[in-house]
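S.K.: Next come the chains, spelled out residue by residue.
Protein chains: 6
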Amino acid sequence: MVTTRSLEDLDAHSYQDYVAGGQGLVLIPTGATEQHGPHLPLGVDAMLSRAVCAAAAEELGALVAPAFSYGYKSQPRSGGGNHRPGTASLSGQALVLQTQDVVLEFFRHGIRRIVVVNGHYENYQFLYEGLDLAVRQARSLGLDDSRAMLLSYWDFVDEQALEAVFPDGFLGWDVEHGGVLETALMLHLHPDKVDMSRAPAHPPAELTPYDIFPEDPARTPSSGCLSSPTGATAERGELLLSTVRSGIVRAVTSEFGK
Amino acid sequence: MVTTRSLEDLDAHSYQDYVAGGQGLVLIPTGATEQHGPHLPLGVDAMLSRAVCAAAAEELGALVAPAFSYGYKSQPRSGGGNHRPGTASLSGQALVLQTQDVVLEFFRHGIRRIVVVNGHYENYQFLYEGLDLAVRQARSLGLDDSRAMLLSYWDFVDEQALEAVFPDGFLGWDVEHGGVLETALMLHLHPDKVDMSRAPAHPPAELTPYDIFPEDPARTPSSGCLSSPTGATAERGELLLSTVRSGIVRAVTSEFGK
Amino acid sequence: MVTTRSLEDLDAHSYQDYVAGGQGLVLIPTGATEQHGPHLPLGVDAMLSRAVCAAAAEELGALVAPAFSYGYKSQPRSGGGNHRPGTASLSGQALVLQTQDVVLEFFRHGIRRIVVVNGHYENYQFLYEGLDLAVRQARSLGLDDSRAMLLSYWDFVDEQALEAVFPDGFLGWDVEHGGVLETALMLHLHPDKVDMSRAPAHPPAELTPYDIFPEDPARTPSSGCLSSPTGATAERGELLLSTVRSGIVRAVTSEFGK
Amino acid sequence: MVTTRSLEDLDAHSYQDYVAGGQGLVLIPTGATEQHGPHLPLGVDAMLSRAVCAAAAEELGALVAPAFSYGYKSQPRSGGGNHRPGTASLSGQALVLQTQDVVLEFFRHGIRRIVVVNGHYENYQFLYEGLDLAVRQARSLGLDDSRAMLLSYWDFVDEQALEAVFPDGFLGWDVEHGGVLETALMLHLHPDKVDMSRAPAHPPAELTPYDIFPEDPARTPSSGCLSSPTGATAERGELLLSTVRSGIVRAVTSEFGK
Amino acid sequence: MVTTRSLEDLDAHSYQDYVAGGQGLVLIPTGATEQHGPHLPLGVDAMLSRAVCAAAAEELGALVAPAFSYGYKSQPRSGGGNHRPGTASLSGQALVLQTQDVVLEFFRHGIRRIVVVNGHYENYQFLYEGLDLAVRQARSLGLDDSRAMLLSYWDFVDEQALEAVFPDGFLGWDVEHGGVLETALMLHLHPDKVDMSRAPAHPPAELTPYDIFPEDPARTPSSGCLSSPTGATAERGELLLSTVRSGIVRAVTSEFGK
Amino acid sequence: MVTTRSLEDLDAHSYQDYVAGGQGLVLIPTGATEQHGPHLPLGVDAMLSRAVCAAAAEELGALVAPAFSYGYKSQPRSGGGNHRPGTASLSGQALVLQTQDVVLEFFRHGIRRIVVVNGHYENYQFLYEGLDLAVRQARSLGLDDSRAMLLSYWDFVDEQALEAVFPDGFLGWDVEHGGVLETALMLHLHPDKVDMSRAPAHPPAELTPYDIFPEDPARTPSSGCLSSPTGATAERGELLLSTVRSGIVRAVTSEFGK
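Chains as they are written, first to last, in full-length UniProt numbering: chain D, 1 to 258; chain L, 1 to 258; chain H, 1 to 258; chain S, 1 to 258; chain E, 1 to 258; chain P, 1 to 258.
These are calculated hints, taken from the structure and not from any lab test. Please note that a few of the clues may not be correct.
Claimed, not checked - In the DMTMM-like style, the derived pairs of lysine to aspartate or glutamate whose C-alpha atoms are separated by at most 20 angstroms in a straight line are:
1) L:K193 to H:D9
2) E:K193 to P:D17
3) D:K193 to S:D17
4) D:K193 to D:E238
5) E:K193 to E:E238
6) P:K193 to E:D9
7) L:K193 to L:E238
8) P:K193 to E:D17
Claimed, not checked - If you want the ones that stay clear, here's a sample from chain L, every Cβ over 12 angstroms from chain D, calculated:
9) K73
10) A134
11) Q160
12) A164
13) D195
14) A234
15) E235
As the list claims (entries may be wrong) - Going by beta-carbon spacing under 10 angstroms, a handful of chain P positions derived as facing chain D:
16) R136
17) R139
18) S140
19) L141
Ideal Cβ placement from N, Cα and C applies to all residues, glycine included.
Given the sequences, and given the hints that come with them, work out the whole structure.
M.R.: Following this line, the structure appears as structure tokens:
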């Protein structure tokens with residue numbers, strides 16, 4: 001039995017034993033290096049996807065791979081935009097290749113079940129493309145039973161949790177960048193990395209139903225948040241994490257078995 | 001004055017005159033070759049984005065470029081999945097390069113305002129990446145005042161239209177593949193290409209909040225539609241088109257001026 | 001039996017039936033968005049390859065895929081050059097990837113015989129590369145009996161047709177850009193898109209046996225045509241189309257069987 | 001003044017203030033996910049380059065960017081080979097693009113001095129290529145004063161430290177994979193992640209002066225170490241870190257000023 | 001004054017002096033590694049483009065860069081096809097990148113006039129793309145006066161030479177692979193590398209006006225030649241070389257000045 | 001039996017016979033176009049790897065493929081840097097693709113044993129990546145017994161030879177660019193291409209243990225040599241070649257059999 005769920009902390013011989021069991025499952029957290037307002041650190045997205053993976057791995061008997069710390073370009077309609085200082089992003093092709101390469105490596109080791117857990121909205125389609133290419137390539141190399149899942153953790157927040165966390169009504173995922181969800185999770189998981197005294201209190205951003213190029217910095221709040229994190233508490237973060245964890249555990253178990 | 005809004009029908013000398021006016025605006029419709037159930041043709045997405053562009057171009061004095069007839073891989077959660085016969089898709093990189101190349105060409109001609117009108121959900125992020133790269137490259141070549149917009153036409157369907165089109169309640173965009181929206185628009189625009197006698201009547205697909213690789217064909221209805229198009233009428237299609245057209249015209253005018 | 005030869009107008013279920021017959025044949029027309037002088041529209045190349053495919057498909061029982069509306073960069077020695085307004089081209093890599101992706105998709109559906117019909121001289125080598133890569137990739141995925149053809153439609157104009165269309169002598173394919181061949185075909189197929197009153201009457205371009213970079217706009221006629229279309233008639237267009245169609249039908253039948 | 005040297009722990013507004021000072025310096029640690037024998041964890045390379053960066057950043061007033069946790073393929077002559085379980089590597093192109101993208105982003109923010117600190121031998125040439133491309137691209141975008149350094153931390157271990165750490169003689173860097181150097185540093189920095197009871201005691205690997213494809217697992221010790229870590233102590237690790245830190249601080253100061 | 005026209009034989013300091021003169025001209029020969037029948041060596045294409053460059057360089061005061069020894073895939077309609085043993089080709093992308101990189105390097109040195117001399121039909125479009133990209137990139141780096149030419153040497157064989165070399169009538173360039181032209185040039189330039197006793201005497205290949213994938217080896221003569229080299233003599237080779245050389249010298253002088 | 005060891009001088013039919021023997025072995029020399037000081041030509045690296053291959057091929061019964069005449073960017077710490085006139089380099093991706101393509105072609109012919117002989121330090125990792133990708137691709141195409149080696153020729157200079165060539169002590173490979181090793185080999189192999197009267201006599205370069213971007217030309221001697229070639233003689237070159245040849249022959253025989 002492995003002594004840690006963190007793949008980077010595990011030695012290769014123990015990993016080999018784990019894989020040899022035939023039921024190996026690897027979770028890959030993906031995030032971004034992206035501004036999240038004045039009260040949250042730049043690494044929020046990777047921190048949260050890492051924490052979600054760690055929580056689910058415990059129940060699933062899975063290993064958590066090193067996180068993707070850089071993500072696809074931040075977009076104004078979901079993350080404030082890529083023009084802001086601190087946001088350091090990958091091109092689409094870099095993210096696709098990284099995903100394809102890493103996933104194929106775990107398949108090569110003998111891991112047959114992989115879950116990529118996304119923590120940065122803009123990543124999703126490029127992670128999808130990388131996974132699709134990896135699975136095709138695995139097939140062309142004879143690794144035919146290789147399977148994978150892709151999910152964004154917030155898609156496992158259910159109605160009940162939404163109501164509890166947003167008693168005054170949920171404004172929609174699009175303005176949740178640097179808002180209550182991420183702040184609450186951070187207050188629960190990394191309270192020392194949150195400075196609520198700097199949290200902005202402006203009204204939610206009014207987003208256009210389109211994007212413009214080059215971006216117009218005036219479109220989104222200068223705080224970098226798309227809505228105010230007021231209302232975020234550690235308790236609500238704990239509830240969110242618990243909801244997401246159990247949802248993911250259920251989904252993975254249902255797809256890949258125990 | 002140009003005699004047609006369709007760029008492929010225009011001769012180069014008239015186009016040059018149009019560009020020389022300094023107020024040139026080009027709309028690029030993008031679609032896919034993708035199954036849309038037994039009652040709709042494979043080319044729906046390009047047909048609809050082309051029609052939306054044509055309608056908006058009339059009011060905007062714009063030209064409509066040849067459509068992108070192939071799009072990014074269909075995904076089960078928005079389009080039925082790429083495994084189905086008839087769906088013929090591009091890799092992410094192919095779509096990014098095509099977008100980057102074509103947009104940069106119009107900038108090179110002297111067009112300074114471009115709108116990419118998306119008609120296939122899965123395209124969006126790859127169109128975004130292509131536009132971002134084109135605008136950066138334009139800047140490195142000294143074409144500093146080049147600007148572009150990107151939109152998906154259904155993001156301009158407003159609440160009022162939703163209520164009129166879905167009197168029993170709107171089920172959400174994710175199950176609209178081959179459903180009421182696309183069918184109504186086709187009934188209005190290309191009634192001869194719709195066969196309502198083949199329209200499926202099954203309940204809406206229950207989508208998972210994640211993707212799996214390789215896809216599982218059993219997850220989505222075998223019809224290829226994610227919800228039933230029952231309720232689609234030409235009148236509702238006309239209303240949808242009119243709403244979308246005026247929304248896009250307002251947005252483009254507001255961004256790029258008259 | 002399918003009710004249309006146009007793949008974009010066909011529904012997926014009928015397409016699946018067609019493929020299931022085991023004798024499926026798909027024709028892919030490829031063109032360009034390229035200036036063709038003051039009397040022809042920018043979309044000539046795709047219009048003509050589409051028309052050639054439609055004509056051949058009728059006799060071959062084939063389907064016609066959506067055309068590639070954008071092609072490789074126009075070159076002065078065959079098309080007037082890429083510097084001219086209205087010419088909106090792809091990089092080589094974009095065209096290679098698009099070809100590779102689309103062809104592989106039809107192979108994946110179960111189509112085993114594909115013909116790419118080129119309508120823009122400069123495309124040929126990039127289509128060739130895309131086809132070569134698609135066929136290799138198909139093999140690595142176990143689709144070993146996948147076969148394809150590549151042709152440019154004018155290579156099926158025979159001596160007899162040349163003599164009939166060019167009674168004063170044929171000047172060679174290299175100066176046929178915007179000249180008699182394309183104009184005659186357009187007069188036959190799309191007379192409303194040709195304005196013979198604007199057709200230039202200058203002598204044929206004197207082409208250098210080499211290319212220069214960057215292009216020199218002064219090298220080719222400012223009309224954008226490499227020779228005068230005078231002499232083009234709808235009757236000659238009809239003869240050309242008929243010759244090309246029967247040549248292609250013979251070739252495809254001979255390679256792929258009935 | 002920033003309150004942390006860790007960029008992922010810093011908020012964007014504080015980062016912006018830091019950049020605005022005009023003397024910003026960013027260190028990027030790069031590692032790998034690679035087997036390091038039975039006594040060390042898979043994440044050694046990123047852990048060590050991160051620690052080296054943190055130590056140097058303190059003295060330099062620099063920020064440490066999120067580490068590259070995945071590196072180029074492990075090679076038998078420096079790392080045991082890529083065939084071993086646990087080693088999850090990137091292709092060359094993925095690493096080049098990631099480096100180019102991330103470096104260019106920091107230049108875009110206004111950071112003009114970047115140091116990439118390598119912790120995995122096989123990465124070097126791909127990091128070099130990424131940096132070279134980023135600096136060229138920066139220049140084409142007008143960011144002409146952007147400068148960067150690239151180093152592998154062990155190149156700052158001097159003769160004196162070598163003698164102290166290897167009293168019986170240094171065997172050469174090529175067999176140091178999973179050996180005394182990395183183990184000593186880990187004992188100093190992360191003693192809880194080292195299990196000396198599992199440390200192999202075999203003689204150093206006899207490396208061929210060439211590589212073979214596909215790799216031959218029998219060439220290198222089955223432990224995954226290229227030499228025995230016996231002799232590694234936390235004290236020696238502390239000495240190594242101190243030597244490397246002061247060497248890097250001297251080099252960076254000499255190149256980029258205080 | 002340089003003591004050799006061969007760049008690989010020149011030292012860097014003399015090259016620098018040459019460039020500093022401001023009138024530097026570099027010729028880049030490109031070929032292939034491709035079967036040319038039983039009587040000619042695999043390296044014919046590079047040998048001939050190298051010889052053409054050497055001859056022209058003498059008159060032009062130019063330098064000859066190292067040849068591209070590998071070319072794009074051989075095609076049945078111009079070179080026998082890529083399936084034959086001995087033909088070792090590059091993908092399109094590899095040739096494009098090589099051309100772009102090398103041309104840009106000479107521009108960077110201060111060379112402002114480059115001629116790429118093609119000796120393998122199938123290369124042309126990929127060389128064109130590489131040159132186009134290099135010239136664009138040069139412009140984005142401020143090297144605005146960089147100019148280049150691209151030519152295939154046989155396009156400088158004039159009518160008079162054709163009549164002298166083919167007294168019984170010229171069959172067309174398409175069947176000249178391994179035929180009279182290349183054999184005559186080799187007999188003049190490298191008689192020791194030609195074995196006329198092995199020269200095939202079969203009639204010219206009957207080429208189809210299309211390509212098929214995968215290639216059908218039965219389509220072209222098993223000799224690997226597309227026509228018989230009978231009739232090739234060293235004298236005719238000398239005449240061909242002289243014609244080509246003076247044609248190229250005239251063209252380059254006319255474009256780039258003395 | 002083949003009459004030449006040089007693949008470019010061999011005809012395809014003789015090559016096919018050679019391959020059919022089942023014991024075919026191909027050596028691929030790789031070099032660079034790179035400044036080597038005032039006394040050596042730009043093509044040294046390819047000349048020397050070619051000569052090493054020729055010498056080894058004689059004993060091994062192998063064929064020598066056309067050399068890669070262009071290599072990866074010269075770096076200050078091993079070659080003087082890429083900023084110097086005369087150095088014309090490839091990007092990493094261009095070199096990777098060229099290697100992958102060419103190696104796969106020989107595998108396709110039926111060659112099962114390939115040795116890439118490197119003559120330019122900076123190439124190694126990109127050649128490695130190209131070989132790794134080629135061998136994977138070969139496997140996905142069913143060519144499972146394809147094997148390859150990669151080596152840099154100087155890694156076969158043994159202690160005894162070093163002592164004989166550097167009686168005053170060896171300074172290390174890193175400063176050997178344009179120094180005694182390469183000069184001695186050239187004096188033995190191509191005395192007419194060496195001008196010892198121009199050989200610089202400065203002390204060896206003091207190299208930094210890091211790289212900077214953009215390069216600083218002041219860091220390395222303006223001669224372009226990293227150490228003085230004084231001491232190079234044809235006799236020492238002969239000894240070096242002989243040592244390298246027999247080392248490589250032993251290694252190849254030991255890996256691939258006789």
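S.K.: Sort out which numbered hints this structure fails and list those numbers smallest first.
M.R.: 9 and 10
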